[in-house]
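Q: These protein sequences, in sequence, are chains E and F.
Under the numbering used here, the first residue of the first sequence carries the number 1, and numbering increases by one thereafter.
Under the numbering used here, the first residue of the second sequence carries the number 249, and numbering increases by one thereafter.
If you are wondering where the hints come from, they were derived from the structure by calculation, not from laboratory data.
Be careful, since some hints might not be right.
If the Cβ cut is set under 7 Å, some of the chain F residues that face chain E in the computed set are [as the list claims (entries may be wrong)]:
{"hint": "1", "residue": "G270"}
{"hint": "2", "residue": "L272"}
{"hint": "3", "residue": "G275"}
{"hint": "4", "residue": "T308"}
{"hint": "5", "residue": "L389"}
{"hint": "6", "residue": "S391"}
{"hint": "7", "residue": "G393"}
{"hint": "8", "residue": "P397"}
{"hint": "9", "residue": "V424"}
{"hint": "10", "residue": "S426"}
{"hint": "11", "residue": "V477"}
{"hint": "12", "residue": "F531"}
{"hint": "13", "residue": "L532"}
{"hint": "14", "residue": "A538"}
Even glycine gets a Cβ: it sits at the ideal position worked out from N, Cα and C.
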Amino acid sequence: MTQTDFAPKIRSVGLNGVLVTFGDKATDTANRAAIAFRGAVDAAGWAEVQESSSTLVSAFFRIDLATHGFDTIRDRLAEVLSAQDWTTAQLPEGRALWTIPAAFGGARAPQLGEAAEAAGMDEALALADLTSARLRVLTLGFAPGQPYLGTLGQAWDIPRQVGLTPNVPAGALVAAVRQVCLFAKDTPTGWRHVGQSAFACFRPNSTTPFPLAPGDEVQFAPVSEAELARIEANNSDGSGGADRVLIT
Amino acid sequence: MRALVVRQVGPGVAVQDLGRPGFLAKGLTQGGAADTRAVHEGAALLRQSPNCAVLEMVGTGGTFDATEDIRIALTGAVMTAQIDGDAVAWNASHLVPKGAALVIGPTRSGTYGYLHVGGGFATAPLLGSRATHQSCGLGALVSAGEALPVATDKGRDTGMTLSPEPRLTGGTVRIVPSMQTEDFDPAIRALFEATEFRRDPRANRQGIRMDSDSQGFTNPKALSIVSEVIVPGDIQITGDGTPFVLMAESQTTGGYPRIGTVLPCDLPRVAQAPAGAAIRFEFLSLADGAAVQARADAELRKLPQTVTPLVRDPAQMQDLLSYQLVGGMISATDAPLDEG
C-alpha cells in the first residue's frame, strides 16, 4: 500500500496548469497525499490558481502559465511540498460520510458471483467486503460527479474483463483493480457489475449538482431488490435513499 | 419575446459560449465553443462581451427569422449566408430586419461556423454557462421550431468587418512539452514533429484523430500510466500509436499518455482544419510557448480595435454577379452597404 521510494514530482500541463504527483501507481497513500496537498494549497488562496482538482495520485492547479511563469509557481509549490510529509497529512475538513443503499448480485447486479470468483472468495464474503469497507472518493471523473472509490483489499485487484458489457445502468456499482466505480450514467464497461444503487452522481438541475467530493467516504448498505425498487419509485431528487453526515 | 426563430436547422447546431470553468474537481470539463477565437471575433464585430452566447454550426446552419430587428455577426468557418435572398459577407456584422429570412450554410471553408446576435442568446444558463455539453446532458442541439431568446442589445453598429487570423485549412500547430512528454523517446518525439498528419473525418467536440503514414508513436515506457488530468489541446497517444488532439468536451482525466499540448492560441487552427487537411506539430519550449501565448492574448484583447467598416471590394466578392453594382452607387452618402 505504501510507496516510500517516490519523490513527489511537479510538472507543467501545457500552459494550463501545474500537476503535483505523489506516486506512479494508484495507491491509497498517493491519493491521500494528493487530496491533502490540494486542500492545503486551496486553503492558502493563491490568486494565480483559477481552480484545482485531484486525480488518483496528483493535485492539479489550473494556472495561466502564459501569465505566471512556471518556475516561480514550481518553487512555491516545492516549498509547500517540503513543509510536511503529505502521505500522513490530515485530510481536509468538511468531508462527508455517505451511506448508500444498494442491491448486490441477483438480476440487478448480475456479476457479483463472477467478481467474487475473480477475487478468490464466495459471494457472501464478497458482499461482506463490499459493504463493510468505508471507501474513499479517490477522484471524480470520466462522467460528471462519478466517483472512483477505494481502496479494497489486495484480493480485489481483479482485472477488467476482456470484453465490454454493452450497457451497465446509471447507479451501478462496478468493481476492478481494487476500486469500485458508481456510474453517473448508462455506460459500456469492462468493470464487473456487482451492485445497483439509485444514487444520482450528477444532478444538473439541483442545488447540489455534484453531491460527492474527493475525500468523502462511502459505505454501501445492502438492501433487497424489493427495497431498491421502493427507493427508485420515490427518487425524484436522485438521492437514492442515501444518508450524509459530516466526518469532521 | 425578442427571439431568433428556427425554421430549419442543420444537425450540428448548438448554443455555446466560452464554457463552464470551475468544475474540474467534479469531473466536468470546461466545454464551450470549439473555436474560442471566433467567439471573440463576433463579440468585437458587435462591440459586446465575448461572454455572450452564440450558435456554433457544423456543416450547415439553417433558416432563421427574428421577432424584432436584430444585429448579427458571422465568424469562424466560412459558410454561405443570405438575408432575404441577398448574399452577405462572412466575418462581418449585419442587420436582420424583423421577419427577414436569414439563411446560413453550407460550409465553404473550415469546420465550425458561428452566428452571433446583438445582446447574445439568452437561453437558461446551467451551472453558470449556456454552453451545450450534450454527452453530459447539459443542453441539447437546436431543433426546428425553437425560438431562441435574445437578450437586449445595447449596440447599434452593423456593416463592420475584421480580418480573421487565417486558421481554416490546417498548417503548423505549435505545442509545448507536457507532463508525459519525457516518457516518449527523443526519437519518437522527433518523428512526431517531422510527420505530416491529416485530420481524420472521425472528429468531434471531444477529440480529433490525426492520421499519418507513420508507423505510430507508441512508446513502451508510456503504456501503463495512472490516469491523469487532461487539459484542452493535450495530444494523447492511444494504444495503437495514434495521436488524438483533445478538444473542449474531452473528459477531465485519461489513461493515455500525452506527448505534448497544443498552445491555446493554436487550438482554433486544429478545430477548424477540415477532414483531410494537413497538420504539422512544432515543439516550442515552455518559455517560448508562454511568450507566444501571451502575445496572442494581448492581440485578442486588441481585436475590437481592428474592426473596420465593411467596404465592398469587388476583388473579394465571392460571387460578383449576385451583387447589384450599379444600384449600390446611387448616392455617395447612402447608408453603409451592409444590409443587402
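Q: Against this structure, judge whether each hint is valid.
A: Results for each hint:
no.	hint	verdict
1	G270	holds (5 Å)
2	L272	holds (4 Å)
3	G275	holds (4 Å)
4	T308	violated (29 Å)
5	L389	violated (17 Å)
6	S391	violated (20 Å)
7	G393	violated (23 Å)
8	P397	violated (19 Å)
9	V424	holds (6 Å)
10	S426	holds (5 Å)
11	V477	holds (5 Å)
12	F531	violated (12 Å)
13	L532	violated (10 Å)
14	A538	holds (5 Å)
Checked against the numbered hints given earlier, the structure breaks hints 4, 5, 6, 7, 8, 12, 13 and satisfies all the rest.
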